[in-house]
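Chemist: Protein chains in written order, with the numbering used here: chain R, 3 to 326; chain P, 3 to 326; chain G, 3 to 326; chain U, 3 to 326; chain A, 3 to 326; chain L, 3 to 326.
Note that these hints are calculated values from the structure, not bench results. Be aware that a few hints might be false.
Same chains, same label: a pair holds when it works inside one copy or across any pair of copies.
As the list claims (entries may be wrong) - Derived pair list, reagent style DSSO-like, types lysine-lysine, alpha-carbon separation capped at 27 Å:
(1) K317 x K289
(2) K141 x K92
(3) K155 x K317
(4) K155 x K320
(5) K92 x K320
(6) K317 x K92
(7) K320 x K141
(8) K239 x K113
(9) K239 x K155
(10) K320 x K113
(11) K239 x K92
(12) K92 x K113
(13) K239 x K317
(14) K92 x K289
Predicted model, so just to flag it, every value in this text is computed and none were measured.
Protein chains: 6
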Amino acid sequence: MPRRFIHQLGPQEHVDQVFLVSQKQLRSNKNGNLYLQVELSDRTGSISGRMWNAGDFEYRGFDDGDYVRVEGNTQLFQGAMQLIVTAINKARFEEVDESDFMPLTPAEIDKLVGRLTTHLRGMNNPHLRNLADCFLLDKDFMSKFTRAPAGVKNHHAYTGGLLHHVVQLMDVVQAVRPLYPQVDGDLLVMGAFVHDMGKTEELSYDRGFAYTDEGQLIGHLVMAVGTLERKAQEAEKLSGEPFPSELVLRLKHMIVSHHGEYEFGSPKLPMTLEAVALHLLDNLDAKLHSFHLLMRDDPNVDSSWTTYHANLGRKFFKGSGKGD
Amino acid sequence: MPRRFIHQLGPQEHVDQVFLVSQKQLRSNKNGNLYLQVELSDRTGSISGRMWNAGDFEYRGFDDGDYVRVEGNTQLFQGAMQLIVTAINKARFEEVDESDFMPLTPAEIDKLVGRLTTHLRGMNNPHLRNLADCFLLDKDFMSKFTRAPAGVKNHHAYTGGLLHHVVQLMDVVQAVRPLYPQVDGDLLVMGAFVHDMGKTEELSYDRGFAYTDEGQLIGHLVMAVGTLERKAQEAEKLSGEPFPSELVLRLKHMIVSHHGEYEFGSPKLPMTLEAVALHLLDNLDAKLHSFHLLMRDDPNVDSSWTTYHANLGRKFFKGSGKGD
Amino acid sequence: MPRRFIHQLGPQEHVDQVFLVSQKQLRSNKNGNLYLQVELSDRTGSISGRMWNAGDFEYRGFDDGDYVRVEGNTQLFQGAMQLIVTAINKARFEEVDESDFMPLTPAEIDKLVGRLTTHLRGMNNPHLRNLADCFLLDKDFMSKFTRAPAGVKNHHAYTGGLLHHVVQLMDVVQAVRPLYPQVDGDLLVMGAFVHDMGKTEELSYDRGFAYTDEGQLIGHLVMAVGTLERKAQEAEKLSGEPFPSELVLRLKHMIVSHHGEYEFGSPKLPMTLEAVALHLLDNLDAKLHSFHLLMRDDPNVDSSWTTYHANLGRKFFKGSGKGD
Amino acid sequence: MPRRFIHQLGPQEHVDQVFLVSQKQLRSNKNGNLYLQVELSDRTGSISGRMWNAGDFEYRGFDDGDYVRVEGNTQLFQGAMQLIVTAINKARFEEVDESDFMPLTPAEIDKLVGRLTTHLRGMNNPHLRNLADCFLLDKDFMSKFTRAPAGVKNHHAYTGGLLHHVVQLMDVVQAVRPLYPQVDGDLLVMGAFVHDMGKTEELSYDRGFAYTDEGQLIGHLVMAVGTLERKAQEAEKLSGEPFPSELVLRLKHMIVSHHGEYEFGSPKLPMTLEAVALHLLDNLDAKLHSFHLLMRDDPNVDSSWTTYHANLGRKFFKGSGKGD
Amino acid sequence: MPRRFIHQLGPQEHVDQVFLVSQKQLRSNKNGNLYLQVELSDRTGSISGRMWNAGDFEYRGFDDGDYVRVEGNTQLFQGAMQLIVTAINKARFEEVDESDFMPLTPAEIDKLVGRLTTHLRGMNNPHLRNLADCFLLDKDFMSKFTRAPAGVKNHHAYTGGLLHHVVQLMDVVQAVRPLYPQVDGDLLVMGAFVHDMGKTEELSYDRGFAYTDEGQLIGHLVMAVGTLERKAQEAEKLSGEPFPSELVLRLKHMIVSHHGEYEFGSPKLPMTLEAVALHLLDNLDAKLHSFHLLMRDDPNVDSSWTTYHANLGRKFFKGSGKGD
Amino acid sequence: MPRRFIHQLGPQEHVDQVFLVSQKQLRSNKNGNLYLQVELSDRTGSISGRMWNAGDFEYRGFDDGDYVRVEGNTQLFQGAMQLIVTAINKARFEEVDESDFMPLTPAEIDKLVGRLTTHLRGMNNPHLRNLADCFLLDKDFMSKFTRAPAGVKNHHAYTGGLLHHVVQLMDVVQAVRPLYPQVDGDLLVMGAFVHDMGKTEELSYDRGFAYTDEGQLIGHLVMAVGTLERKAQEAEKLSGEPFPSELVLRLKHMIVSHHGEYEFGSPKLPMTLEAVALHLLDNLDAKLHSFHLLMRDDPNVDSSWTTYHANLGRKFFKGSGKGD
C-alpha cells in the first residue's frame with residue numbers, strides 16, 4: 003500500500019506506516035491514568051499522536067529522532083487532526099524509505115548546490131570569488147550548510163531548508179540586480195550566501211531540530227562574523243594577496259544588520275545599499291514562502307480566511323474560490 | 003556659456019543664468035534690515051538664494067513657480083552651498099530651456115509610458131488588461147499620471163517622478179515573478195500600477211510641488227480606492243461583462259495596505275501574498291533610489307560617511323574610496 | 003412557563019425553550035467520541051452548549067442562524083456557565099417569539115430612527131440637511147443602517163446596535179455643542195451619523211454576525227468614504243446646486259480619522275476641531291457602554307473586581323457594595 | 003492712544019506702552035556685543051523683545067514679573083513677530099491697567115467661582131457636598147485655586163486658567179451626565195473639581211508662571227491625593243460622621259488615573275466608569291481649547307493650514323475660507 | 003514521619019500531612035460531575051490539589067487560609083505536579099507546626115529587624131535618623147512592615163518578604179556607597195527603607211496574599227507619599243525643630259520614581275542621583291532574587307534551559323552542568 | 003601665570019595659553035566673510051572658539067589634534083561660553099604640559115592598571131585567571147586598553163576613560179558579590195573586564211576621538227566576541243589544557259547582552275544571572291558618572307535645575323542649596 007503522507011490525511015483514516023518521532027512524553031490525564039504523547043512527522047508535515055493507557059514500557063521502546071512504525075486512527079480534535087495510536091515500535095531498517103522524510107531529495111540538494119556554485123563562481127570580483135571558493139571547498143562547512151534547516155519550527159524546519167532559502171534568495175538577487183546599477187551585485191550575491199550561515203552552528207539538526215546553547219546565547223548574526231573573518235584569512239593565504247579590508251567589513255555589516263531593525267535582534271541598522279537590499283529581499287523571500295504555506299496548510303478548509311495568527315497580527319485571505 | 007547645473011556648482015563661483023524659483027520670502031535680519039530669500043532649482047537639485055538689502059520692489063518682481071534670471075556668487079555656509087544674489091528678474095521666454103528643469107525629457111517620459119503600456123498590455127488576465135486600458139485611454143488621468151511627482155521633497159519631487167517609480171517597480175515585479183509561482187503576477191503588475199495613483203490628486207504640481215487639502219486630510223491610499231471603483235465600473239461597460247468582484251477587492255486591498263504597517267498610515271496590514279510582495283518591493287525600490295541619492299549628494303565630500311539622518315536613525319557608509 | 007433569559011440562568015437549572023444557534027461544530031473528545039458544540043443566544047446574552055455523544059444526525063438537523071428548541075441542564079464549568087444539551091431541534095414557527103432575540107424591539111428601533119431624523123432635520127446648514135435627506139430617503143441604506151450591529155462580538159453584536167450607538171452619540175453631541183462655539187455643531191452631528199456607516203457593508207448580519215471579505219480587507223473607514231461621495235453627488239442632483247467641496251472633504255476627514263491614532267487603523271490623525279471632538283466623544287460613548295456591560299456581566303459575582311481584561315490591560319472596580 | 007494688544011500687532015508698527023516682562027537675559031551676539039532679550043506679554047499673548055547694545059545698566063533696571071514701559075518697533079523675523087526695543091523701564095503705578103494683563107477680569111473670575119459653587123452645591127450626595135464645602139470655605143485654597151494657571155506655557159498660562167478649565171469641564175459633565183445613568187454624576191462633578199487641584203502647588207504664579215520644585219519632582223497627580231485625604235478628614239469633623247472610605251478612594255483613583263495612560267504620567271489606568279469619563283472629557287476640553295487657539299493664532303495667516311506641530315505629529319486645517 | 007516539603011515531592015508519592023489551603027473552588031467536569039480544587043502550600047512552594055467527586059460537604063469543611071490535613075497521591079499532569087486528594091479536613095491545632103509554613107522563622111525576622119535598625123541608626127544625618135526612629139517606634143507600622151510580602155505571586159509571596167528585600171537592598175547600598183561619594187549615602191539608605199513601604203497597605207496578608215482595593219486603585223508608590231508626610235510631621239514634633247523640606251521632597255521623589263520608567267507605573271522619572279541609584283539597585287536585587295528562583299525551581303530538570311517566560315521575553319540558561 | 007582651566011573660565015576673561023584643537027572648519031557668515039571655527043579642550047572640558055575674518059592662511063597653520071597657543075576673550079553666547087580668538091598658532095614643544103590635557107596622569111593610569119591587575123589575579127577560577135593573563139601580557143592590547151576613551155563625546159571622551167570605567171565597575175562588582183552567592187563572582191569580574199573592550203577598536207583616539215568605520219558598521223559588542231575567542235585559544239596554548247567551552251560561551255553572552263535591551267543594540271537579552279548583574283551594574287556606574295557631571299557642569303549656575311536633556315527626557319534636580 004502506498005504511503006499516505008501527513009498532508010493527505012483526513013479524519014477517520016486507519017494508518018499503519020513509518021513516521022519520524024520526536025517530543026515523546028508520558029503524561030497523566032485527570033483521572034491519573036498515563037498516556038503517551040508524541041509528535042510524528044514526514045516530509046509533508048507533522049501530526050500529534052496519543053496512545054491511551056500507555057506506560058513506561060511503551061515510553062522506553064524508542065527515542066526521539068527514531069523512525070517508528072505506528073498503527074492507529076486519525077480524528078479531528080478541537081479543529082486539529084491527531085492520531086490515536088494503538089501500536090508504536092521502532093521501525094526496522096528495511097521499512098524506512100528515507101526519501102519520505104526529506105522534503106528535498108539528495109538529487110534536489112545536489113541541484114541546489116549546483117545553482118549555488120554557479121551563482122558564486124559567476125561573480126566578477128576576484129576577491130569575492132576567491133572567498134566563495136574557500137567556503138565551497140570546505141567539506142565540513144558544506145556538509146553542514148546543505149543539511150541545516152532554516153529554523154526549528156513549522157515550514158522552516160527541514161533538512162536543506164537553509165540551502166533552499168539561500169539559493170532562492172540568490173535567484174532573486176540575480177533577477178533584480180540589473181535594475182539597480184548603484185548596488186554592487188557581487189556583494190549582494192555574496193551577502194545572500196553568508197547572511198544566515200551562522201545557522202549551521204546556531205541550530206542542531208542531527209536528530210530533530212533545536213537551538214544549540216551557543217545559538218541561543220549568541221545568535222547566528224554574531225556567530226557568522228567570526229566564520230567570515232576566518233575564511234577571509236584563508237582567502238588571503240590561498241591567493242597570496244591581502245583581502246580588501248573594506249570588502250570584508252561590508253560583508254560583516256550585511257550579516258549583522260540583515261534583520262533590519264534593533265527589535266528583531268540586529269545590533270546595527272543597514273547603512274549601505276547592499277545591506278538595505280539584502281534585508282528587504284531576504285524578508286520578501288522568507289515571507290512569501292512561509293505565508294504561502296500558512297495559507298496552503300490552513301485547517302479552515304471551507305473558509306476563505308485562515309485562522310488568526312497572533313504573532314503576525316492578522317488573518318490571511320485565501321480567496322472565495324469563486325474564480326475570476 | 004553652457005549652463006552650470008546646480009549639482010555641479012562649487013563654492014566661490016559666479017553665476018548668471020535661469021532658475022525655477024519657489025518659497026520666496028521677505029525676512030529681516032537681527033538688525034531689522036530686510037532681505038529676500040528664495041529656493042532656486044533646476045533638474046539636478048536646488049539651492050537657497052539670499053539677496054541682502056532687498057525690499058518690496060524685488061519681492062514683487064516675480065512669483066513662486068516663475069523662471070527667473072539670477073546673478074550672484076556661490077558660497078559655503080554652515081556646510082551647505084548657497085547663492086548670494088545680486089540680481090533676480092523674471093526670465094524672458096527665449097532665455098528658458100525647459101529641458102534644463104525636468105530630470106526627465108519629454109522623450110524619456112514617452113519611453114516610460116511605452117514601458118508602462120507594454121507591462122500592462124502583457125498581462126494574461128483579460129479583466130485586468132481591460133481595466134488597464136480604461137486608465138491608459140483616459141487622457142486626463144494619463145496627463146496627470148505622467149506629470150505628478152512621487153513626493154514634494156528632495157529626490158522624489160520632480161515632474162514624472164511618480165511614473166518613473168511605477169515603471170521601475172513594474173520592471174522589478176516582472177523580474178521577480180517567475181521565481182514565485184504562488185504569487186499572481188498579473189495582480190502584482192496591476193497593483194504596482196495603481197498603488198500610488200492617488201498621488202495624482204494628493205499632490206499639486208502645476209507650480210512647484212505641494213500637498214492638496216484633500217491630500218493632507220484623506221491621503222492617497224484612500225483616494226485611490228474611489229478611482230479604482232470608478233474605473234472598474236467603466237471596465238464593465240467597456241467589456242459588457244461583470245468585473246470579478248474579488249479581483250477588484252484584491253486590488254483595493256493592495257492599495258490600502260501597501261505602506262505595510264499601521265504607523266505608516268496603512269489602515270490594513272497586507273493579508274494576501276500580492277499585497278505582501280507589493281509592500282516589500284515598493285519599499286525596496288523607494289529606499290534604494292532615495293538612499294542612493296542621499297549618498298551621492300551628501301555634502302561631506304571628503305568623509306566616508308554621510309551626515310546623520312535623524313528621521314532614518316543612521317548615517318550611511320559611502321566607503322573610504324580606497325578601492326577593492 | 004415564561005422564558006428564562008440567559009442572563010437570568012443560574013447553575014443546575016433545567017431548560018426547555020428556544021434559542022438562536024450559531025457556531026455549530028462536531029468535535030471529538032480525548033477518547034475519540036464525538037460531541038456537538040454550539041453557541042446559544044437570546045437578547046440578553048449567549049451561552050455555550052454541549053451535547054455529548056452526538057453525531058452527524060444531530061449536526062445536520064439545523065443550521066447556524068436557525069432558531070432551535072433546546073432541552074438540557076445548566077452547570078458551572080471553569081467559572082463559566084454552560085448548558086449540557088439533551089435535545090436540540092429546529093424550532094417550529096409558532097414556538098418563536100422574535101422579540102426574545104432582539105435587545106431592541108421594532109418599536110424601539112422606530113423610536114431611535116425618529117430621534118436620528120430629528121437630529122438630522124434640525125441642522126441649520128441646508129447642504130448638510132439636504133445630504134442627510136439623501137440617506138434618510140434611501141430605503142436600502144436605512145434598512146441596513148437600522149439592522150447592522152456595532153460589532154461582531156460581545157456587547158456590540160445585536161441587531162440595531164449601530165443605530166443605537168449613533169443616536170446615543172448624537173445625543174451627546176447635542177448636549178455638548180452649546181459649550182464649544184468654536185466647533186461646527188452641524189458638522190459634528192453629521193459626522194456622528196456617517197462615521198461608522200461603513201459597518202453596514204463591513205459586517206454581515208442576516209444570519210449571525212461576521213465580517214464580510216471587503217470588511218476585513220478594506221475596513222469601514224475607507225468604505226464609508228465612497229458612500230459619502232456618491233451621496234454628495236445625489237445631493238447635488240436633488241438640490242440642483244453644487245455641494246460645497248470643502249464640506250464633503252471635512253466629513254470624509256472625520257470618517258478616516260475617527261479612530262484617532264494610526265495604531266487603531268486611522269490612516270490620518272484628526273486635523274480639524276470637529277474630527278478631534280468626534281474621535282473623543284465616540285470613544286466616550288463606546289467605552290462607557292462596553293465597560294459598563296463588562297462590569298454588569300462579570301462572572302465574579304462576589305468580588306468587587308472584574309476579571310483581568312488582557313486587551314485593556316486592567317481589571318475594573320465594581321465596588322465593595324458597602325454603600326456610601 | 004488706546005493699547006495695541008499683542009495679538010493685534012502687525013509688522014513695522016511703532017509701540018510705546020506697558021507690558022509684563024519675564025525671562026530677561028543678557029546675551030552676546032557673534033561679534034561679542036551684548037544685547038538684552040526679554041519676553042513681553044499682555045492678556046492676548048506674548049512677543050519676544052530684543053534691545054541691541056544693551057548692558058548691565060538696562061539689565062538691572064527691572065525684574066522678571068515687573069510691568070515695564072517699552073518703546074520699539076515690530077518686525078517679522080523668521081516667520082515670527084518680534085519687537086526691537088529702543089527703551090525699556092519699570093512702569094509707574096499709574097501707567098498700569100491690570101485688566102490688560104489678565105484674560106479674565108476679577109468679575110469674570112467671580113462669575114466662574116459662582117458657577118463652580120453652583121455645580122458643587124447642586125450635588126445630591128451629602129458626603130460630597132460636605133467635602134466640597136470644606137474646599138470652598140478654605141480661603142487659602144480658594145485664593146490659589148482661582149489664581150493658578152492651567153500650565154506654564156502658551157494658551158494655558160494665564161491667571162485663572164485652572165479655574166476656567168475646571169468650570170468648563172464641569173459644564174460638560176453636567177451636559178453629558180443625564181445620558182449615562184450608569185455613571186455616578188456627582189462623583190464626576192467632584193472629580194472634575196479636584197482632578198487638577200494639585201496644580202495650585204505644582205506651579206508658582208505670583209511672578210510669571212513656573213514649576214515649583216515639588217511640582218517637578220512629585221507632580222500634581224500625586225500631590226492632590228494628600229490634599230484630598232486631609233479634606234476628607236476635615237469633612238468628617240465638620241459633619242461628625244465618617245466619610246465613606248470607598249468614596250474617597252474612588253476620588254483618589256480619578257485623580258491618579260486622569261491622564262489615562264502610563265506614558266502621560268498616570269501611575270494607574272482608569273478602572274471605574276467615572277475615571278474613564280473624567281479622563282476623556284478632560285481631554286476633550288483641553289484639546290478643543292488649545293487646538294482652537296493654535297489655529298486662531300497661527301502665524302501663517304494666508305494659508306489654510308497651520309504650521310506643523312511636531313509634538314502633536316500634525317498640522318491643523320483652518321479651512322480655505324471659501325465658505326460653505 | 004518527617005514532613006515531605008512541597009519542593010521535595012516527586013511523582014507517585016503518597017502524602018498525609020498538613021498544608022495551608024487557598025483558592026478553594028467547586029467545579030464540574032465535562033460530564034457535569036463536581037470536584038474540589040484547592041491550592042496547597044508550605045514554606046517551600048505550592049501545589050494544586052484536586053478531589054474528584056467532592057461536593058458541598060467537602061467544600062464547606064474548611065476556609066481559605068486554614069491549615070488542613072490532606073491525604074492523597076502526587077502525579078505529573080501536563081508537566082506539572084499535582085495532588086489527587088482523597089481526604090481533606092481542617093487540621094487540629096496540635097498537628098500544625100507554623101514554622102513549616104514560613105520561609106523565615108521569627109528568629110530570622112528578628113535578625114532582619116536588627117540589621118534594619120543598625121543600618122538606620124548608623125546614618126549620619128540627624129534628621130533622617132530622627133525620621134527613621136519615628137518608623138521604628140511605631141509598633142503598628144513595624145508589625146505590618148515585618149509581616150508584609152513583597153508581592154502576591156510566586157517567589158515574592160511570603161511573610162516577611164518585604165522586610166527581606168529591603169534589608170538585602172540596604173546591604174547593597176552600604177556596600178556600594180563608599181564608591182560613589184557624589185551620592186548622598188544616608189538618603190540612599192533611607193530611600194531603600196521607605197521605597198516599598200506602601201506595600202504594607204497595598205497588599206493584604208492576614209489570610210493568603212492579595213491586593214487591597216486601595217492597592218489596586220492607587221498603588222504603593224502614591225500611598226507611601228502620604229505616610230512619609232505624616233512621619234515627617236511626627237519627626238518635627240519629636241525633635242522640636244523643622245524637618246528640612248528639601249530632604250522630605252527628595253525622599254518623596256525617590257519613592258514615586260523608583261520604578262524608573264512611566265510604563266512601569268512611575269509618574270516621574272528619576273531626577274536625582276539618589277533616585278537613579280535606588281531604581282537600579284532595587285532592580286538588581288529584585289531581579290537577581292527572582293531569576294535565581296526561576297532557574298532553581300524550573301520544572302525542566304534535565305534541560306540546560308528554563309521554560310520560556312513570555313513576560314520576560316526569554317528563557318534562562320541554567321548551564322549544561324558539565325562543569326568548568 | 004598659572005593656567006586657567008576651561009571649567010574655571012567665566013565670561014569676559016582674557017586668555018593666552020595652550021589648548022588641544024579639533025574640528026577646525028573654515029565657514030562663511032551671512033555676509034560671505036570667512037571665519038575659523040575650532041573646538042578647544044583641556045582635561046577639564048572643551049570650549050568653542052571663533053576667529054573672525056580668518057582665511058586659508060590661519061586654517062592651514064595647524065591640524066586637528068595639535069596643541070595650539072590661543073589668544074582671545076571669552077564671552078557668553080546663547081547660554082554657552084565661547085572664545086573669540088585673536089591669534090592661534092601651533093604650540094612649541096616647551097609650551098605644552100601634557101598633564102594639562104589628560105584627566106588622568108600617567109601615574110593615575112598606572113594605579114588603575116594596578117587595581118585592574120589585582121582584581122583579575124584575585125579570581126579563584128584558574129581558567130579565568132589564565133585567560134586574564136593572556137590579556138595583561140599582551141602589550142599591544144594593554145596599550146590600547148589604557149588609552150581608549152569610553153566614548154567620543156562629553157564626559158566619556160578622555161584618554162583612559164575606558165580603563166577608568168572598567169576598574170570602577172570592578173570595584174562595584176567586588177563590593178556587591180558577597181551579597182549574592184548565587185552569582186559567579188569571578189565571571190562577573192571577568193565580564194566587567196571584557197564587556198567594553200571592543201571599544202579599543204570601535205573608536206580611534208590617537209588624534210581626537212572618533213568612531214572607526216568598523217566601529218560604526220559592526221559595533222563593539224560584536225567586535226569583542228572575536229577578540230575573546232582568540233584569547234581563549236591563546237589561553238589553551240598557554241596552559242596546555244582545554245578552556246571550558248561553557249565558560250567562554252558565558253563570557254561571550256555577557257558581552258553581546260550587556261546593553262540589556264534590543265533597542266540599545268544588544269542582539270540578545272541577558273539570560274544568565276551574571277549577564278543580568280553586569281548589565282545593571284554597568285548601567286549604574288555609567289549613569290552615576292555621567293549624570294553627576296551633567297549636574298556639576300550645568301550652565302544654569304543659579305538655578306536648582308539643569309537644562310532639559312531631550313535624549314534623557316528630563317531635567318535633573320541640583321537642589322536649592324538651602325542646606326538640610
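Chemist: Would you mind marking each hint as holding or not holding in the structure?
Modeler: Hint check:
1. K317 x K289: both (14 Å within a copy, 26 Å between copies)
2. K141 x K92: neither (32 Å within a copy, 60 Å between copies)
3. K155 x K317: Result: close both inside a copy and across copies, 19 Å intra and 17 Å inter.
4. K155 x K320: Classified as both: same-chain Cα gap 22 Å, cross-chain 23 Å, threshold 27 Å.
5. K92 x K320: Answer is neither; intra-copy 39 Å and inter-copy 32 Å both fail.
6. K317 x K92: Classified as neither: same-chain Cα gap 40 Å, cross-chain 33 Å, threshold 27 Å.
7. K320 x K141: This pair counts as neither: shortest intra-copy Cα distance 43 Å, inter-copy 34 Å.
8. K239 x K113: neither (30 Å within a copy, 43 Å between copies)
9. K239 x K155: neither (39 Å within a copy, 40 Å between copies)
10. K320 x K113: Answer is neither: 32 Å inside a copy and 37 Å across each miss the 27 Å cutoff.
11. K239 x K92: neither (49 Å within a copy, 46 Å between copies)
12. K92 x K113: neither (32 Å within a copy, 60 Å between copies)
13. K239 x K317: neither (53 Å within a copy, 34 Å between copies)
14. K92 x K289: neither (37 Å within a copy, 46 Å between copies)
When each numbered hint is compared with the structure, violations occur for hints 2, 5, 6, 7, 8, 9, 10, 11, 12, 13, 14.
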